[in-house]
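Enquirer: Sequence:
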Amino acid sequence: MAMKEKVRSMRDFNLCFVSEQTPEEELHAALRKKWDWVVSTPKQNAFWYSIVINNLHQSNKVLKVASMDGVRNAITVGIKRSAFDRLKLLTQTSSKELVDVVRIPTRTLARREVFHPDESERILRVAVAFQRTIEVFENLAKARQWFSKPKKALGGKTPLQFVDTEIGADEVTNLLGRIEQGVFS
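Throughout, this note's numbering is defined as the position within the sequence shown, counted from one, plus 295.
Hints listed in this document are in silico derivations from the structure and should not be mistaken for laboratory results.
Do not rely on the hints blindly, as some may be mistaken.
Distance condition first, Cα-Cα at most 20 Å in a straight line; then the derived DMTMM-like pairs of lysine to aspartate or glutamate [stated by the list, open to error]:
{"no.": "1", "residue 1": "Lys383", "residue 2": "Asp331"}
{"no.": "2", "residue 1": "Lys329", "residue 2": "Glu319"}
{"no.": "3", "residue 1": "Lys444", "residue 2": "Glu430"}
{"no.": "4", "residue 1": "Lys375", "residue 2": "Asp413"}
{"no.": "5", "residue 1": "Lys391", "residue 2": "Asp364"}
{"no.": "6", "residue 1": "Lys383", "residue 2": "Glu414"}
{"no.": "7", "residue 1": "Lys452", "residue 2": "Glu466"}
{"no.": "8", "residue 1": "Lys437", "residue 2": "Asp331"}
{"no.": "9", "residue 1": "Lys375", "residue 2": "Glu408"}
{"no.": "10", "residue 1": "Lys447", "residue 2": "Glu475"}
{"no.": "11", "residue 1": "Lys383", "residue 2": "Glu416"}
{"no.": "12", "residue 1": "Lys437", "residue 2": "Glu408"}
{"no.": "13", "residue 1": "Lys437", "residue 2": "Glu319"}
{"no.": "14", "residue 1": "Lys329", "residue 2": "Asp380"}
{"no.": "15", "residue 1": "Lys437", "residue 2": "Glu475"}
{"no.": "16", "residue 1": "Lys383", "residue 2": "Asp364"}
{"no.": "17", "residue 1": "Lys444", "residue 2": "Asp465"}
{"no.": "18", "residue 1": "Lys375", "residue 2": "Glu430"}
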């Protein structure tokens with residue numbers, strides 16, 4: 296068991312940056328690979344959210360119906376437990392940190408196979424904020440570091456801690472926008 300954990304910790308995600316010119320079969324293949332995380336540009340709402348959900352589920356099902364209704368439906372149906380685990384690996388946070396942010400009790404997490412819509416929405420909120428962080432820094436290690444370090448602009452909290460509410464997530468996104476524009480605050 297310890298050997299498996301060691302091997303797993305040595306493996307990390309490959310970021311796959313895609314655009315509208317990326318061949319569809321290449322995009323689908325990247326979404327199915329366990330250790331690939333797709334980052335799309337430009338940010339078109341339905342397609343962008345579909346990419347984030349597909350990254351979480353390691354599939355390309357939602358992508359086929361990249362509409363806001365499809366995204367809403369994916370949340371209503373519920374995000375799978377495996378998506379939570381994948382997000383935890385991507386962000387390199389502990390289960391405790393992530394359950395605190397998405398407000399899912401540890402005992403509930405142990406029983407859940409599919410999250411309820413409100414829980415799914417909170418998990419997606421963290422994934423969306425982290426996806427935006429990856430886009431700005433274009434480097435997974437830098438994105439992880441930025442997301443987990445306290446920021447003066449966030450009252451001394453980490454971006455991860457701050458995305459526990461929609462308003463907090465908006466502020467993290469605004470801060471990332473300022474960084475992207477070269478305005479460090």
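Enquirer: Checking against the hints above, which ones are violated?
Expert: Violated hints (numbers, rising): 5, 12, 13, 16 and 18; every other hint is consistent with the structure.
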